[in-house]
Each structure stands twice: as C-alpha cells, then as structure tokens.
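Student: Note that the numbering used here numbers the sequence shown so that position 154 is 200, with each residue one more than the last.
Since the hints were made in silico from the structure, they are not lab data.
Check each hint, because a few of them may be wrong.
Stated by the list, open to error - Label pairs and their in silico Cβ distance ranges:
| id | residue 1 | residue 2 | range |
| --- | --- | --- | --- |
| 1 | Asp190 | Arg158 | 18 to 28 Å |
| 2 | Asp102 | Thr207 | 29 to 39 Å |
| 3 | Val104 | Arg253 | 16 to 26 Å |
| 4 | Ser213 | Asn169 | 26 to 36 Å |
| 5 | His156 | Thr207 | 37 to 47 Å |
| 6 | Pro159 | Cys208 | 18 to 28 Å |
| 7 | Gly157 | Ser219 | 14 to 24 Å |
| 8 | Gly81 | Asp143 | 18 to 28 Å |
Glycine included, each C-beta is placed from N, C-alpha and C at the ideal position.
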Amino acid sequence: MIPVVWLASYPRSGNIMLRIILAQCFGLPSAAIYGETLDGNDTLKQLTGSLMPSEDGVFDFGDVPVRILKTHGRPQNAAKAIYVLRNGVDATASFHDHGKRQVPIDTLIHGRPGLPTWSEHVNWWMPRSRPNTLLLRYEEVTADISGAIDMIGAFIGVAPTCHAIPSRDELASVDGRWVRSATASNRTRLSPEQVAEFWRTNAAVMREYGYDAPDCRCPGVMAAA
C-alpha cells in the first residue's frame, strides 16, 4: 500500500505553498480530507496538484511513492506528517481575511466548537515531539525555499526535480485569495489590543515555538527578556 504523509496546519499557515512545492518540485498531487474547490480556479488546482474525488469519494493518486493528504483537523493515525507552523498572529489575520471577514477576530483568537485556537491546533499535533513528523516554519520556508525542499525530500524519501516555485506575486496574480501578494493593501492587521489578547490566550505555545512576545505597546503582555 502506498504510504500516507499528512500535510497539517492551522488554517492560513502555508498549506497551499507546501502543496505547490510538493506538486511542482516532487510531482506529488495532494488531496484534502474534506471537500475543497479552490474557488474553481483550474490554474491553482494544477499548481497545487489538487485532486478531486470521484463520485464515490475516492481519490486517484496514480503511480506515486507517497500519498499527500491535507488536513486542518486532528491527527487520525500515526502516519508521517509535515506540520506547517506560522506565527499565530499573522495566521489569525490571514484567516480572518480568507473567510471574507465573516468570523470575528475575537472568535478566531478564543476559538469555538469546531474551531480550535491556534495553540490548541499546535497541541493536537505536537510537531516537536510527535514521531515521524517534520516541522516546517512558514517564515523559514519563505526565506529559503530551496533549503525547505531539501528537508522535505529527505523526510519523504523522494528526490526533488527542481528547487524553485513561482514567486508569491506570480502566484497571487493567478488567484489573489488563496495566495495574496505580500504588498496587498487590504490585508487585516490585528490591533495592539487584539495582539495582546491573542498572546494572553496563546502565549505558552507561542513562546515554546520560538515566537517573541510583542513590545510594551500591547498592554497585559510581557515581552520576552
């Protein structure tokens, strides 16, 4: 049986970017465990290698060495996993925008039934200690795509065929919602009060994974020494 590799993340943490890397540099398609359409964007589907299920819900991966399954949910088994981690403040802001700002930022910060907080999601997967798990930081991947590709290849046991993907601006021109330009003018920025509230809710896990607390302009949060 072809082994599964989970591609897991809190929403808006770089999952699409990793799928593009896997498709374009390793020739590996991927499937989401829940229905997705990528807004019907066929070019983005091709770039990500996104598979659509058959009428009976079966994904045809073809002749591949590993099957990549995307999830924002909990681990379902002990199979290998790539966990993509992004600064929770940035992920929350991007999640708010991606959902057309229909879910209030306060709800994203504190969670609700069926929607974990950022730190709850990280603790579901515990990517630093879970066996057979590759932890990739969004910020490090975007800074060194080539190095990330080598790490992925070594982890999944597949040699890459290239070490580059289209630039963020090129990808944003294809879509604009799933991948946005870094200079987009309409991006949500959490207010200092919202950042402080995010840290009050998620500080322990943010610090555990090396993210620095904000400065004293955010009341109620102590900056790291």
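Student: Taking 14 to 24 Å as the stated bounds, is the beta-carbon spacing between Gly157 and Ser219 within them?
Tutor: 34 Å, violated
Student: Within 16 to 26 Å or not, the Cβ separation of Val104 and Arg253?
Tutor: With a Cβ separation near 43 Å, Val104 and Arg253 fall outside 16 to 26 Å, so the hint is violated.
Student: Using the C-beta atoms of His156 and Thr207, is the stated range 37 to 47 Å upheld?
Tutor: The hint (37 to 47 Å, Cβ to Cβ) holds, given that His156 and Thr207 are roughly 44 Å apart.
Student: Indicate whether the distance between the beta carbons of Gly81 and Asp143 respects the range 18 to 28 Å.
Tutor: This hint holds: roughly 21 Å between Cβ atoms.
Student: Within 18 to 28 Å: is that where the Cβ-Cβ distance between Pro159 and Cys208 falls?
Tutor: Given a distance of about 43 Å, which is not inside 18 to 28 Å, the answer is violated.
Student: Has the hinted range 29 to 39 Å been met by the Cβ atoms of Asp102 and Thr207?
Tutor: 32 Å, holds
Student: Please test the hint of 26 to 36 Å on the beta carbon pair from Ser213 and Asn169.
Tutor: 34 Å, holds
Student: Check the following: the C-beta atoms of Asp190 and Arg158 are separated by a distance inside 18 to 28 Å.
Tutor: Taking Cβ atoms as reference, Asp190 and Arg158 lie about 36 Å apart, which means the hint is violated.
Hints 1, 3, 6 and 7 from the list above are not met by this structure, while the remaining hints are.
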